[in-house]
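*Asks:* Here is how the chains run, residue by residue.
Number of protein chains: 2
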Amino acid sequence: MEDRLARVRRRMAEEDFDQLVVSAPENVLYLTNFANFIHERPFLLVVDREGPLRFLMPRLERPHVEARAVGRLDLVPYREFPAPAGETWAETLRSLLASGGRVGVEPVCPLQVAEAIPGEAVATDLLEDVRMIKSAYEVGRLRYGCELVSEAHARLLAGARPGVTLPEIASAASRWMMARILEDEPSTNMLATRLTAVFQPPAVSHDPHNFTDLAMAMEPGGPHVSVVNCVVNGYGAEVERTFFLGRVPEAARGPFETMLEARRLALELTVPGADMSAVDRRVRDVFERAGYGSYLLHRTGHGLGVTGHEGPYLAEGYERTVEPGMVFTVEPGIYLPGVGGFRHSDTVLVTEEGGVLLTRGPVELDEVTLPITG
Amino acid sequence: MEDRLARVRRRMAEEDFDQLVVSAPENVLYLTNFANFIHERPFLLVVDREGPLRFLMPRLERPHVEARAVGRLDLVPYREFPAPAGETWAETLRSLLASGGRVGVEPVCPLQVAEAIPGEAVATDLLEDVRMIKSAYEVGRLRYGCELVSEAHARLLAGARPGVTLPEIASAASRWMMARILEDEPSTNMLATRLTAVFQPPAVSHDPHNFTDLAMAMEPGGPHVSVVNCVVNGYGAEVERTFFLGRVPEAARGPFETMLEARRLALELTVPGADMSAVDRRVRDVFERAGYGSYLLHRTGHGLGVTGHEGPYLAEGYERTVEPGMVFTVEPGIYLPGVGGFRHSDTVLVTEEGGVLLTRGPVELDEVTLPITG
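Protein chains in written order, with the numbering used here: chain A, 1 to 374; chain B, 1 to 374.
Note that these hints are calculated values from the structure, not bench results.
One thing to keep in mind: the hints can contain errors.
What the hints assert, rightly or not - One side of the interface only, derived from the structure: several residues of chain A facing chain B at Cβ under 8 Å:
no. : residue
1   : L60
2   : N210
3   : H298
Glycine residues also receive a C-beta, built at the ideal position from the N, C-alpha and C atoms.
Working from the sequences, and respecting the hints, build out all of it.
*Replies:* Below, the structure is given as structure tokens:
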């Protein structure tokens with residue numbers, strides 16, 4: 001925590017901020033170990049250039065904060081929301097801010113918070129930037145999550161057969177993950193923990209966020225797409241696979257092999273010094289050259305850390321250089337209506353020596369074509 | 001949906017807004033039936049004074065939106081986040097806004113969205129206001145959720161005995177609720193559904209959000225506090241009880257009876273025409289007269305609708321009148337370190353004739369003192 005705060009303060013000095021007001025739960029978690037979610041009672045962290053962090057919270061939550069927060073924190077409870085004049089969160093916040101200071105806020109800062117700041121509130125990405133480079137501790141936490149989802153995913157594939165439904169998979173995999181987590185860490189913070197294990201059968205796998213029919217079941221053939229992801233005590237991981245049961249439809253072979261080619265290239269390119277926009281551009285080229293350019297729906301990858309989706313992005317238009325200590329998903333994909341979705345996703349740690357896969361799972365077509373048994 | 005939109009547009013005319021930009025997932029859900037969660041790819045709804053709603057979304061999500069959204073919507077996909085210049089969400093948003101217009105946004109609107117608006121972005125509570133008065137359809141949905149949590153809560157109490165742990169309770173109750181929901185509505189939207197069933201034993205019930213030790217178990221005596229709440233397809237409900245196993249410690253009797261007295265008064269006062277701030281004030285007076293004023297941590301109640309926590313609030317400082325069609329939790333509580341927490345929570349629908357309890361559960365001390373069996 002001390003190291004994180006020191007890095008934030010160096011950036012504050014460089015960008016000439018007198019204070020920061022932090023409102024996003026993931027940034028509060030990053031700097032305090034305290035997890036909350038957005039609701040009508042704000043939790044706000046005030047970061048000065050020196051001294052302890054000051055943490056504004058509803059009085060109701062004070063003991064909860066004391067039980068979870070780590071590091072030097074001055075707790076500043078406000079009465080409640082709503083509250084009578086003189087006791088509101090906005091007035092309490094103003095009492096912590098220097099008049100006329102230049103105050104940094106996140107781009108997602110709620111307008112009502114920005115408007116409560118007496119000085120100039122300026123949106124800055126500095127917290128997202130600091131979070132991009134993971135410490136050894138964070139890499140350990142991310143490895144744990146990657147191991148967890150890899151094992152849960154292996155179990156999902158081992159149980160894959162025609163007729164298995166989404167609720168069966170989701171419930172078995174999340175029960176297994178939860179039992180494992182509680183065994184490893186009984187005081188797991190459920191506010192910073194989320195477990196997901198789902199799949200899409202061929203009829204909807206071309207629409208990657210379609211889970212409209214919860215009773216949907218696996219069927220012979222494919223492509224099915226599996227998704228296992230987690231955030232455990234505030235650290236994310238994901239593994240996803242395109243898989244087939246028993247047989248591979250002819251129309252699926254070309255898109256699958258092209259996806260593998262794009263994935264190989266993306267893994268090869270995600271190394272220190274690479275330009276993230278160019279990585280995405282070159283990966284998109286693979287699909288475009290093969291005639292699948294109009295079936296692209298998303299970027300090549302995204303960062304992971306105290307959330308499951310965050311910067312940096314392997315995306316055209318995101319002009320930034322890959323550095324050691326960054327963690328990405330690598331998940332180029334295409335989506336063909338009438339055929340299905342094609343995407344493997346793995347979590348990759350960038351080191352001085354190149355990318356290291358933190359997740360594992362079958363890759364080649366013969367490995368993801370599962371025999372129909374029992 | 002048509003009726004909701006008409007009410008929003010009447011308020012836009014009254015408050016002289018040319019357009020609204022809606023970003024909060026609960027308001028998007030309220031106006032479109034489409035559920036999302038806040039992440040780095042914004043979903044934004046542009047409401048004009050007439051014509052169809054325009055819905056800005058990542059291209060990736062277009063089929064998902066088509067599968068879930070209800071009503072007349074023009075879909076305006078943007079490429080991706082991040083994206084090259086000319087294809088970003090901010091530029092796409094600007095193309096939908098009239099230059100120089102007065103644009104309403106929610107108080108929680110992310111600063112980056114407010115800053116992308118070319119005209120004047122003005123925070124307004126009008127969507128929250130419109131949502132406060134429930135339609136007959138919404139009352140039906142809320143009743144469903146209240147019935148669900150009441151039944152799950154009755155099962156929780158039926159299984160209460162010393163040694164039962166938090167994960168056992170949470171997992172059994174949420175499995176039961178999920179099975180029931182899927183039976184009743186197989187295409188339940190999981191993005192708009194959350195189920196919680198937990199309890200706190202006497203050692204931590206004075207700290208209402210303390211779930212640090214997940215292995216914590218029920219024990220003889222009390223007060224324990226149970227919490228069962230849900231959002232099902234976008235409609236919330238909650239029921240909570242203070243309960244004892246086998247025996248009631250002497251120190252718990254006074255606070256419990258005072259809590260019941262405060263609850264009776266709160267239910268009696270929550271009727272059309274009442275001033276919400278005054279309701280909270282009078283309920284707090286009950287605790288203060290009994291000498292428990294310093295153990296108050298929260299307001300008397302909050303609204304429920306497309307979220308589980310929203311306006312209107314039964315809270316001092318919230319100057320507003322109770323109207324038919326509003327739905328509140330009524331949950332006055334006190335928290336005594338070394339003794340425990342005392343709170344019953346029920347969900348109440350306000351009708352022309354007064355308040356109607358939508359949840360059910362035991363109330364009096366003898367009803368919530370459960371025999372230790374088995």
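*Asks:* Hint by hint, say whether it matches the structure.
*Replies:* Checked hints:
Because the smallest distance between the Cβ of A:L60 and any Cβ of chain B comes to about 4 Å, under 8 Å, the interface hint for this residue holds. A least Cβ separation of about 5 Å between A:N210 and chain B falls short of the 8 Å threshold, and the interface hint therefore holds. Nearest Cβ of chain B to the Cβ of A:H298: about 5 Å, under the 8 Å cut. The hint holds.
Violated hints: none; the structure is consistent with every hint.
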